[in-house]
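For the sequence shown, full-length UniProt numbering begins at 1 and goes up steadily by one.
FYI, nobody ran anything at the bench for these hints, they're computed from the structure. Accuracy of the hints is not assured; some may be wrong.
[Said to hold, decoys possible] As a list, the in silico DSS-like pairs of lysine-lysine whose alpha-carbon atoms are at most 27 Å apart:
1) 276 / 287
2) 178 / 245
3) 204 / 140
Being a predicted model, the structure only gives us computed values, none of them experimental.
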Amino acid sequence: MTHPTRAIAPIILQDYLQIRYRAREETRYTAEMIDACFARAQCLQLQERVNVGDQIAVTSYYAGHVLGAVMFLIEAGGSSVLYTGDFTTVPDHHLSAARLPFGLRPDVMITETTCCTTVRSSKRMKEYELCCKVQECLEKGGKVLVPLLMMGRSQEICMILEEHWSRTSLAHPIFVIKGSAQKARVLFQLFASWGSQKVRASEKPFEFPHVRFVDLDEILGWTKPAVMLAGPAMMEGGASLQIFKSMAPESKNLVVIPGYCLPGTVGNLVQAKSKKIQLKDEVVHVKCEVETVVHSDHTDSRGILELISQVSPQQVVLVHGAESLMKTFQPIVKKRLRVPCFSPSVGETVELTAPPAVQASASTALLLNGEVVPPPPVLGSLPAMHGATPFAATFSGLLRKRGRDVFELHPRSEEGLEQCGLKAHRVRFSHQCMVSPAAFQEAWSILDPESSAGHTDPGPLELESKGVSCTVSREAEQINVSVLWDREADKDANVCSFLKALGAG
């Protein structure tokens with residue numbers, strides 16, 4: 001895992017434990033299990049390649065989505081799998097978009113499909129819509145509750161509201177529950193290098209003049225207009241549920257649901273605008289306004305298709321999405337990208353085959369001769385393990401087999417041919433014709449305007465220009481022309497015009 005994940009994940013797991021304890025509900029793990037688990041974690045940097053044993057290599061790539069999220073390229077036995085996890089292809093206020101090298105070409109790409117049938121409207125328009133609804137409620141004297149995940153999402157919402165407050169000169173306080181959000185802010189500041197360009201350029205990232213970190217009791221006793229950010233996102237207990245119960249009976253208040261809520265949760269019932277919500281020991285009568293402003297950090301269908309196209313996998317597997325939506329998206333991937341695509345159900349096994357891979361040693365001359373697309377990275381520009389710098393590229397050269405499983409790549413040059421025990425040969429095209437001296441003079445001037453190629457002597461004459469060789473001889477009033485040229489010369493526009501003038505085009 002990454003260093004940000006190593007720092008953030010235990011806090012989230014501990015918070016979940018506390019919520020379950022307070023609700024006197026059963027938990028599936030203990031605090032001791034969390035400590036024992038993360039004590040064994042191995043952290044890696046972005047684009048770092050780590051060997052796991054002798055046969056497996058793992059490389060991480062930036063995924064966006066949440067702080068510390070990465071995609072993993074796993075290589076084993078000559079085959080490779082790219083597992084995306086959750087990712088976003090559109091930069092947020094606090095994080096950048098996913099970053100992967102072009103043409104990675106794994107044998108299998110396993111991608112999330114949370115929003116695979118959705119094409120989102122402008123992210124900035126959604127943010128503006130959120131700010132307008134919040135401002136409208138505050139100006140009517142109401143309070144606004146935004147239930148969300150305090151690790152990550154709260155930082156972005158604070159950035160959006162802070163910018164809107166600065167533009168509109170609003171003075172209403174923005175309250176954030178103490179605890180996870182404060183820890184998250186410290187971690188976001190610590191790992192600012194993982195943030196967006198805006199965050200990296202800021203001298204004091206995640207410092208918000210209008211935001212106050214307060215205790216739950218202070219929020220519950222607040223009577224003036226204010227914005228309140230609290231978790232958990234689906235209001236299954238915790239501070240967000242307590243605040244919701246206090247706000248729900250008043251019609252002037254507003255609850256903004258910024259994302260998806262699982263069926264059966266309080267958040268889902270609020271999203272459905274239920275007027276009565278049955279909790280364990282009470283019934284909540286909902287009179288406040290409820291708005292859903294989707295502010296997802298998952299990529300949409302366009303983003304998924306773009307990433308698949310960029311990566312160029314041999315096969316695609318769709319996961320982490322509604323089964324019906326994945327079944328709809330599967331033929332779209334097949335048709336548009338012409339790649340085998342699978343969308344297995346939960347518990348279903350999919351057997352995939354990968355073409356055999358050949359490992360070959362490449363000389364430095366091959367890497368630097370300009371026939372590698374894209375060109376190799378500058379030495380030291382990517383983190384390396386044991387002196388190896390991984391990158392994906394297409395090579396053009398000579399493949400030589402030296403043994404049963406030993407292959408070498410050499411450049412297509414005289415030196416490379418010699419190393420392979422081969423001799424160079426040249427393929428040339430020929431054309432023969434009879435033309436008048438004036439016609440030949442006009443044609444040859446296309447290749448060599450300064451040459452005087454008129455031929456009147458009976459003996460043969462050898463001419464050469466731009467890879468084209470001509471043998472001309474006089475026969476009565478005509479000139480017998482024999483032309484030789486190679487493929488490289490054929491790419492020159494003047495050569496093509498010359499050959500066309502002689503009837504060879």
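Legend entry - Hint numbers not upheld by this structure, sorted from lowest to highest: Structure breaks hint 3 only.
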